[in-house]
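Make a model of the complete structure from these sequences and hints.
Line by line, the protein sequences give chains A and B.
Sequence positions in the first sequence follow the working numbering and run 45 to 602.
Sequence positions in the second sequence follow the working numbering and run -3 to 127.
Keep in mind the hints are simulated off the structure, nothing from the lab.
Built from N, CA and C at the ideal position, the CB exists for glycine as well.
Among the clues, some could well be false.
Said to hold, decoys possible - Partial chain B-side listing against chain A, Cβ under 10 angstroms, derived:
no., residue
1, Lys77
2, Ala81
3, Pro85
Unchecked claim - Distance condition first, Cα-Cα at most 30 angstroms in a straight line; then the derived DSSO-like pairs of lysine-lysine:
no., chain 1, residue 1, chain 2, residue 2
4, B, Lys106, A, Lys513
5, A, Lys521, B, Lys106
6, A, Lys488, B, Lys3
7, A, Lys521, B, Lys102
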Amino acid sequence: MFTKTTVERVAERHQEWDKLLTKSLAKAPERLERFSTVSDEVIKNIYTPEDISDLDYDHDLGFPGQFPYTRGVQASMHRGRLWTMRQFAGMGGAEETNARFHYLLSHGETGLSTAFDMPTLMGYDSDNPISLGEVGKCGVAIDTLADMEILFEGIPMDKVTTSMTINPPAAILLAMYIATAEKKGVSRDKIGGTIQNDMLKEFIAQKTFMLPPEPSMRIIVDTVEFCTKEVPRWNSISISGYHIREAGSTAVQELAFTIADGIGYVQACVDRGLDVDDFAPRLSYFFNAHVDFFEEIAKYRAARRMWARIMRDRFGAKNPKSMLLRFHTQTAGCSLTAQQPYNNVVRTSFQALSAVLGGTQSLHTNSLDETLSLPTEHAVTIALRTQQIIGEEIGVTNTIDPLAGSFFVEALTNEMESKALAYIQKIDDMGGILKAIEVGFPQKEIADAAYNYQRQIDEGEKVIVGVNKYRMDETLKVDLLTIDPAVERRQHQRLAKVKESRDAARVEACLKAIEDASRGTENLMPYLIDAVKAYVSVQEICDCWRKVYGRYTDPGMF
Amino acid sequence: MNVKKIKVLIAKPGLDGHDRGAKIIARGLRDAGFEVVYTGLHQTPEEIVATAIQEDVDVIGVSSLAGAHMYLFPRIIEILKEKGADDIPVFGGGIIPEDDIPVLLKAGIKAIFTPGSPVDETISWIRNHVG
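What follows is the structure in structure tokens.
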């Protein structure tokens, strides 16, 4: 972006400045011996045109909505439409979560995002002994279509889009969503939303797993194939870095492993015989917004550029929509502190700002109490207002990608990209992401980074305000949301009633059909939709899969 | 003279998959010279107690971040009692709201370490209370 003469002149001035700085530092040294990001990437004292002398505006940045999309995926970005404000919500039973959905929509939220409880996430019903104490605790309990119908009561499913954070049983919940919409007279081509459906990051980081990797991938490809044909507005996989980061990865690792997962899914779909341009436009991404402001912005910008080039050059995509990395962001849950919890509002604001400046398509801002429990209505309102203040009050959305051209941000964007590409090369050399997961490569890298960060905190090298510095005796308490144990009982009763009133022969026939299709190669989705309409439960279908495919258990490395 | 290493079982009860804290503690304890057994994820209280007895551990650390600690932690104590192994002390960690801590202590959990506790705090606690 600069002429050779300009860069040479800057280099001369830089040397002069270095001398000046040396004198100044002789009197008073810098505050730290080493300045680094939260991911421990060393940051220099100043960035100049020298650092981005090779950057080519046309080739590396371009305009928003144009290849390689570094500056954003839409031409008008947030001047056209703000990001979707989508607060992750789910607690207790379907009744409680439905009430929270209505509350959020009435306060200006623009899309829904569903959190399920652990038994649902792992493919167990509420009445399984393994679910004891966990029903409705960290999300909503869904056993059968009867729960889903209550969850979306009064929600216009043709207008509101819904994201569902669900992985091993993702195909089942999608089937339930389709069935619920169809019961309301909304056809499957009119509904919009997302299932997370990203098992690779479960094996790598979040560890909500059920079946071994191979059959997990087969079911995922079935959903992609089905959505491409029948549910065209549905995002079939939300390729997620969020959990990789929460498990303790660095920003580069989050970027690298998430895009490596993306490559894994695209390859699996291509191997099935799907045309990349038919399904790739409906893949979306989900990233973390951690505390290191510029590192995060560089990460989002690098991600877009990497994906665009990978899709065009590696997979031969022709449709520009296949090359767009559209992403949801959630502020970093792991950065919240139980100590002095009101500080979490401030942390979340900066994190959300980095996501917005990084060009996010949708955003969840954590509530101040989420390090302790699910958020109260009061706390979630502040979190939503934070987004509204960023979007409509502070002026950052007046222009697109305002940090482009910053010597530092561009240099950091390049650095994130080259380090992430080196990881991806390594994974390719291992034979792809499934092989890398099998030998525990990403898992080990993340565990090492998490341990390193914890050591830095324990030794005070990294500061967490209120935790290892500026501590105080606290008298301030926040009100927490608790889940009534009656939810578990109500859930048991409802499930028992459903099981009693449904057509047992039809249930058996549906399960037999799923088992046969699972052993064969037919797409499972139509069978799942038939089954959920017959009120077959999440666990009944998952038990069938566990029988056919076996289970995946944690190798327990540390 | 050989001093016997303190043997610790780090366990993840329930369906919750958040293992970052458990793994950091496991590694921190190993680096501090303890012998560490890690159960891996998704263990029932019964399985955890069985492993503790089979491995003949001196102390058990349990971690939970998804809100089921009020059922799972006391249940482990109950089963230890049933098996006559309640001489093995149990400590806990994770997302544990402050109001729950006295209830868990009363149920027989010996100590709770919440987010922000340095690894060293757990190490010294074990050294002072076990062995």
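Against the structure, the hints:
{"no.": "1", "hint": "Lys77", "verdict": "violated (18 angstroms)"}
{"no.": "2", "hint": "Ala81", "verdict": "violated (21 angstroms)"}
{"no.": "3", "hint": "Pro85", "verdict": "violated (21 angstroms)"}
{"no.": "4", "hint": "B:Lys106 x A:Lys513", "verdict": "holds (27 angstroms)"}
{"no.": "5", "hint": "A:Lys521 x B:Lys106", "verdict": "holds (24 angstroms)"}
{"no.": "6", "hint": "A:Lys488 x B:Lys3", "verdict": "holds (23 angstroms)"}
{"no.": "7", "hint": "A:Lys521 x B:Lys102", "verdict": "holds (22 angstroms)"}
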